[in-house]
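Generate the whole structure from the sequences, applying the supplied hints.
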Amino acid sequence: MRLQWRTDLLSDTALVRDVALVCLADGIVGVSFGATAVAGGLPWWVPVAMSLLVFAGGSQFAAVGVVLAGGSPLAAVAAGAVLNTRLFPYGLAVSDVTSADGGRARRWGTRLIGAQLVTDESVAFALRHTDPARRKAAFWTCGAALFTVWNIAVPLGVLAGSAMRNTAAFGLDATFPAVLLALALPTLTDGRTRVAALGGAGAAVALTPLLPAGLPVLAALGGLAALWRPRRRPDADGAGDSQAVRRPAGHAIPVRSNR
Amino acid sequence: MMPLLAIAALAALTYALRIAGPLLADRVSVPAAAQRLFTSAAAVLLMALAATSALTAGHDFAGWARPAGVAVAGLLAVRRAPFPVVVLVAASVTALLRLAGIH
Numbered sequence: 001m002r003l004q005w006r007t008d009l010l011s012d013t014a015l016v017r018d019v020a021l022v023c024l025a026d027g028i029v030g031v032s033f034g035a036t037a038v039a040g041g042l043p044w045w046v047p048v049a050m051s052l053l054v055f056a057g058g059s060q061f062a063a064v065g066v067v068l069a070g071g072s073p074l075a076a077v078a079a080g081a082v083l084n085t086r087l088f089p090y091g092l093a094v095s096d097v098t099s100a101d102g103g104r105a106r107r108w109g110t111r112l113i114g115a116q117l118v119t120d121e122s123v124a125f126a127l128r129h130t131d132p133a134r135r136k137a138a139f140w141t142c143g144a145a146l147f148t149v150w151n152i153a154v155p156l157g158v159l160a161g162s163a164m165r166n167t168a169a170f171g172l173d174a175t176f177p178a179v180l181l182a183l184a185l186p187t188l189t190d191g192r193t194r195v196a197a198l199g200g201a202g203a204a205v206a207l208t209p210l211l212p213a214g215l216p217v218l219a220a221l222g223g224l225a226a227l228w229r230p231r232r233r234p235d236a237d238g239a240g241d242s243q244a245v246r247r248p249a250g251h252a253i254p255v256r257s258n259r
Numbered sequence: 001m002m003p004l005l006a007i008a009a010l011a012a013l014t015y016a017l018r019i020a021g022p023l024l025a026d027r028v029s030v031p032a033a034a035q036r037l038f039t040s041a042a043a044v045l046l047m048a049l050a051a052t053s054a055l056t057a058g059h060d061f062a063g064w065a066r067p068a069g070v071a072v073a074g075l076l077a078v079r080r081a082p083f084p085v086v087v088l089v090a091a092s093v094t095a096l097l098r099l100a101g102i103h
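Just so you know, the protein sequences line up as chains A and B, in that order. For the first sequence, position 59 matches number 59 in this note's numbering, and the numbering has no gaps at all. For the second sequence, position 27 matches number 27 in this note's numbering, and the numbering has no gaps at all.
Because the hints were derived from the structure by calculation, they are not lab data. Just so it is clear, CB atoms sit at the ideal spot from N, CA and C, and this is done for glycine as well. Any given hint could turn out to be false.
[To be verified] Short derived list, chain B residues pointing at chain A, Cβ under 10 Å:
#1 LEU24
#2 ASP26
#3 ALA34
Here's what the structure looks like:
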């Protein structure tokens, strides 16, 4: 079985190519994360420890962004954690690929390690396939490659950020919002979400001069009120439908095929 | 300053969110409405973070170079440019504007 999917994997050049592209992209983001964090004045071990332990780019940037803007550690943790709530439905969606046959130790080992590899990208790769072996191959290849690349790229960025005295001259501060924008835009397919996101973003910017750092972004969640509707149409969704959990809507995962 | 405790807390919360799915998969199913709310909440947060980090520094306006670089990158992202291109263009446009004396 295991040998089977490894053979599939090697012959699947499309998967290897796509994973390599995603790794390249995230490598650049990782370098920019490490550089931004130390250039902002954080000690080198902060971005390195976060990348190993948190391993979720968006929330790492969010938490460090809040701290560098002068926000409290609590606001930083809150912003990062809220951003990571999407990992819960992701975990449900790929629960089949993080399970393994065999003894107790092996089952739990696979499950515990697999959980740490749940990211936007690895889940998106898994959900492209319906065949269980291919789902597994896609998830584990992408997840393991990303974990490796991310944790090499971030220390490299730390070195680069410590070496260059003036990161602003290289425009590194623009990479963080650009990454977030590129992650967010593909998720704005639905009109109500678009209204909620744009309204929330506008409110956050307007509140920035007034509120302590970190809070404006959390206040943007008030934009979710735009999603409220008086009566849910019975045909709008299959609430409680387990299909919806196994396969979240494609737009839920901000990864595009050409990445 | 980012204390070790904050990193540990974020790491623990994040891992809990990751492992909860596989552990509960047999017992619970997330209603589609809640699923959509998670997705929308992530979109709202990402956009708010993108906007504030593009436009503001501390409590003030960040200057023109950074938002300009981010805007060009955003246009490329809408046009489905590859991710590495989006990131490099954001940095390049901002760096070039600053070189030209526009901050």
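Next item on the list: Grab the minimum C-beta distance from B:LEU24 to chain A and call the hint holds if it beats 10 Å, violated otherwise.
Entry: At 7 Å from the nearest chain A Cβ, B:LEU24 passes the 10 Å test, so the hint holds.
Note to self: B:ASP26 was flagged as interface toward chain A. Is the shortest Cβ-Cβ separation under 10 Å?
What the structure shows: Cβ of B:ASP26 sits 8 Å from chain A, so the hint holds.
Margin query: Less than 10 Å between beta-carbons is the criterion; does B:ALA34 satisfy it with respect to chain A?
Written below: 8 Å, holds
Checked against the numbered hints listed earlier, the structure breaks none of them; every hint is satisfied.
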